[in-house]
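Enquirer: Here's the letter readout for the chains.
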Amino acid sequence: MNITKKEYKTIAKKHEGTSKLYITLPKTFLIGGFICCIGQFFINLYSYLGLDIEKSGIMTTVTLVFLSALLTGLGLYERIAKHAGAGTLVPVTGFANAVVSPAMEFKSEGLILGTAAKMFVIAGPVIVYGILAAFIYGIIYYITGLFM
Amino acid sequence: MDILLEYLKAFLVGGILCVIGQLLIDITKLTPARILVSFVVAGVILGALDIYEPVIDFAGAGATVPLTGFGNMLAKGMREAIDKDGFIGIFTGGFSACAAGVCAAIVFGFLVSIIFKKTDRTLQE
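From first to last, the protein sequence lines are chains A and B. What the first sequence shows, in our numbering, is residues 7 to 154, in sequence order. What the second sequence shows, in our numbering, is residues 109 to 233, in sequence order.
No lab work stands behind these hints: they were computed from the structure. Since the structure is predicted, the reported quantities are computational estimates derived from the model, not experimental observations. There's no promise every hint is true.
To be verified - Think about it this way: if two alpha-carbon atoms lie no more than 27 Å apart in a straight line, the pair counts; the simulated DSSO-like pairs of lysine-lysine are:
#1 Lys33(A) x Lys137(B)
#2 Lys61(A) x Lys192(B)
#3 Lys117(B) x Lys61(A)
#4 Lys33(A) x Lys117(B)
#5 Lys88(A) x Lys226(B)
Build out the structure end to end from the sequences listed, making use of the hints.
Expert: So this is what it looks like as structure tokens:
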């Protein structure tokens, strides 16, 4: 078939989107919501074990990161992610997956420039912009605090 | 009944936040990495404006588990550090707030990548 690049793009676009959204969005919602319920379970568990609300939140994050790392290692997280889209990306488990996955993939390039460096391919930007945003807020908060 | 409602609220709010992420991917063609960055920064802004804390009071893990909760934690940690240590807090607040999550990701990530072999495709930029 003889088509220009532009024609190809419009044809490709017609076939990719639209119908997919009806399927992906409910799946995203269900899986994302389910991961948050697992989080809620751990918050309640750690509170029950006697941690205060802040500490049980921190322990829940640590637990979810651990579970996500393990599932990523076993190759299971990607399998769920295929269906869940942002449902497995937006929760903190997605952050952990973004750390572990490239670390594993680039293991062959060595422990320093492979595993350790690639760990932060996606997590790095998240930390950089998170810290920058918090820093800017910190400056504003500090300065307004001086005058109030 | 109360506990069921708690899970329902976590499920709904968490699910909605993920759907927002998915819509951003589908409509704006943002890459997953950009979604993660946007959610954390959005969380910092919402946390700074004191908008996010009420959402956490309502939804619990539905608001803390998504990365906007991570961002909110950064803002909250920053505020607490400045209240406690003044100017130095601007430099310590961010990292001390996210210390546990980032440390866990590094340690477990390292261990897992040492133990397991890659079998599947990765999250692509």
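Enquirer: Mind checking the alpha carbons of Lys88(A) and Lys226(B) for me, to see if they're no more than 27 Å apart?
Expert: holds, 17 Å
Enquirer: Quick one, are Lys61(A) and Lys192(B) close enough, alpha carbons at most 27 Å?
Expert: It holds: about 19 Å lies between the C-alpha atoms, which stays within 27 Å.
Enquirer: Holds or violated: are the alpha carbons of Lys33(A) and Lys117(B) at most 27 Å from each other?
Expert: With Cα atoms ~18 Å apart, Lys33(A) and Lys117(B) stay inside 27 Å; holds.
Enquirer: Within a Cα-Cα threshold of 27 Å, do Lys33(A) and Lys137(B) meet the stated pairing?
Expert: holds, 19 Å
Enquirer: Sort out whether Lys61(A) lies within 27 Å of Lys117(B), counting only the CA atoms.
Expert: holds, 21 Å
In this structure, every one of the numbered hints holds.
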